[in-house]
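Asker: Order-wise, the sequence lines are chains P and A.
Per the working numbering, the first sequence starts with residue 1, numbered consecutively.
Per the working numbering, the second sequence starts with residue 114, numbered consecutively.
I should point out that these hints are in silico values taken from the structure, not numbers from a laboratory.
Errors might be hidden in some of the hints.
Claimed, not checked - In silico DSBU-like links for lysine-lysine, alpha-carbon gap of 35 Å or less:
1. 70(P) with 180(A)
2. 115(A) with 53(P)
3. 155(A) with 11(P)
4. 169(A) with 11(P)
5. 11(P) with 180(A)
6. 70(P) with 155(A)
7. 57(P) with 155(A)
8. 57(P) with 180(A)
9. 180(A) with 155(A)
10. 11(P) with 115(A)
The model shown is predicted, which means the values in this text are computed figures rather than measured ones.
If you want the building blocks of each chain, they are given just below.
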Amino acid sequence: DAGITQSPRHKVTETGTPVTLRCHQTENHRYMYWYRQDPGHGLRLIHYSYGVKDTDKGEVSDGYSVSRSKTEDFLLTLESATSSQTSVYFCAISDGGRSYEQYFGPGTRLTVT
Amino acid sequence: QKEVEQNSGPLSVPEGAIASLNCTYSDRVSQSFFWYRQYSGKSPELIMSIYSNGDKEDGRFTAQLNKASQYVSLLIRDSQPSDSATYLCAVSRGGSARQLTFGSGTQLTVLP
């Protein structure tokens, strides 16, 4: 998985609780992304980062926030989890070179009950 | 209209046959095109990238791009049961954001 880890790999939480997912990379890549994957919707971009402390919104950012205080870590926070945020969350990285290739982490399966 | 559309699938082919996966995109300024393979319960894995019109071959995989028709395809020759997976098409319009837009995927089954 191109030197990318995600934690936790599985989580069950209750509606209304805060949840933080972590993405850690050892590739020193500049760009990091958070996606969610749901049946029938494919992969949808939540937030992305183009450097330390530089982040921006993606297609489905409502209800999510992110932070990147170090090159290697990108955190995704659900401030108050809802059942609609039950999904598989993938982190991806890109080196920001000529290509736009993205490489994915193993994913986190989140269930909000 | 979805930005990136793929064959609805599922697609089944016999072992040894050629599997053809298709993808169309709506944004004419798109510059970079990718195919990812995703096994059930696993993360997407990049298998091909293509940036210029024409064909690009890598082993049993050939990606074809036609920007005028806004069409990109993936051919898998000599299909093997291990190729059974969902194939995702992704498109980038370039720019500083370097965002990818993904299709919903086509599920391929290669029958022994």
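Asker: Would you mind confirming whether the straight-line C-alpha gap from residue 11(P) to residue 115(A) stays at or under 35 Å?
Answerer: Holds, because 31 Å separates the two Cα atoms, which is no more than 35 Å.
Asker: Between the alpha carbons of residue 155(A) and residue 11(P), is the straight-line distance 35 Å or under?
Answerer: Within the cut-off at roughly 16 Å; holds.
Asker: Does the alpha-carbon distance linking residue 180(A) and residue 155(A) stay inside the 35 Å limit?
Answerer: Judged against 35 Å, a Cα distance of about 31 Å means the pair holds.
Asker: Can the restraint linking residue 70(P) and residue 155(A) be considered satisfied, given a maximum Cα separation of 35 Å?
Answerer: holds, 27 Å
Asker: Keeping to a limit of 35 Å between CA atoms, is the pair of residue 169(A) and residue 11(P) held or broken?
Answerer: violated, 41 Å
Asker: Sort out whether residue 180(A) lies within 35 Å of residue 57(P), counting only the CA atoms.
Answerer: holds, 28 Å
Asker: Taking only the CA atoms, is the gap from residue 70(P) to residue 180(A) under or equal to 35 Å?
Answerer: Given pair residue 70(P), residue 180(A) is violated - Cα atoms ~38 Å apart, limit 35 Å.
Asker: Has the given pair, residue 11(P) with residue 180(A), been kept, meaning a C-alpha gap of at most 35 Å?
Answerer: violated, 42 Å
Asker: Just to be careful, I want the Cα atoms of residue 115(A) and residue 53(P) compared with a cutoff of 35 Å; is the pair within it?
Answerer: Status holds; Cα separation ~32 Å.
Asker: Between residue 57(P) and residue 155(A), does the CA-CA distance stay at or below 35 Å?
Answerer: Within the cut-off at roughly 25 Å; holds.
In this structure, the earlier hints numbered 1, 4, 5 are contradicted, and the remaining ones agree with it.
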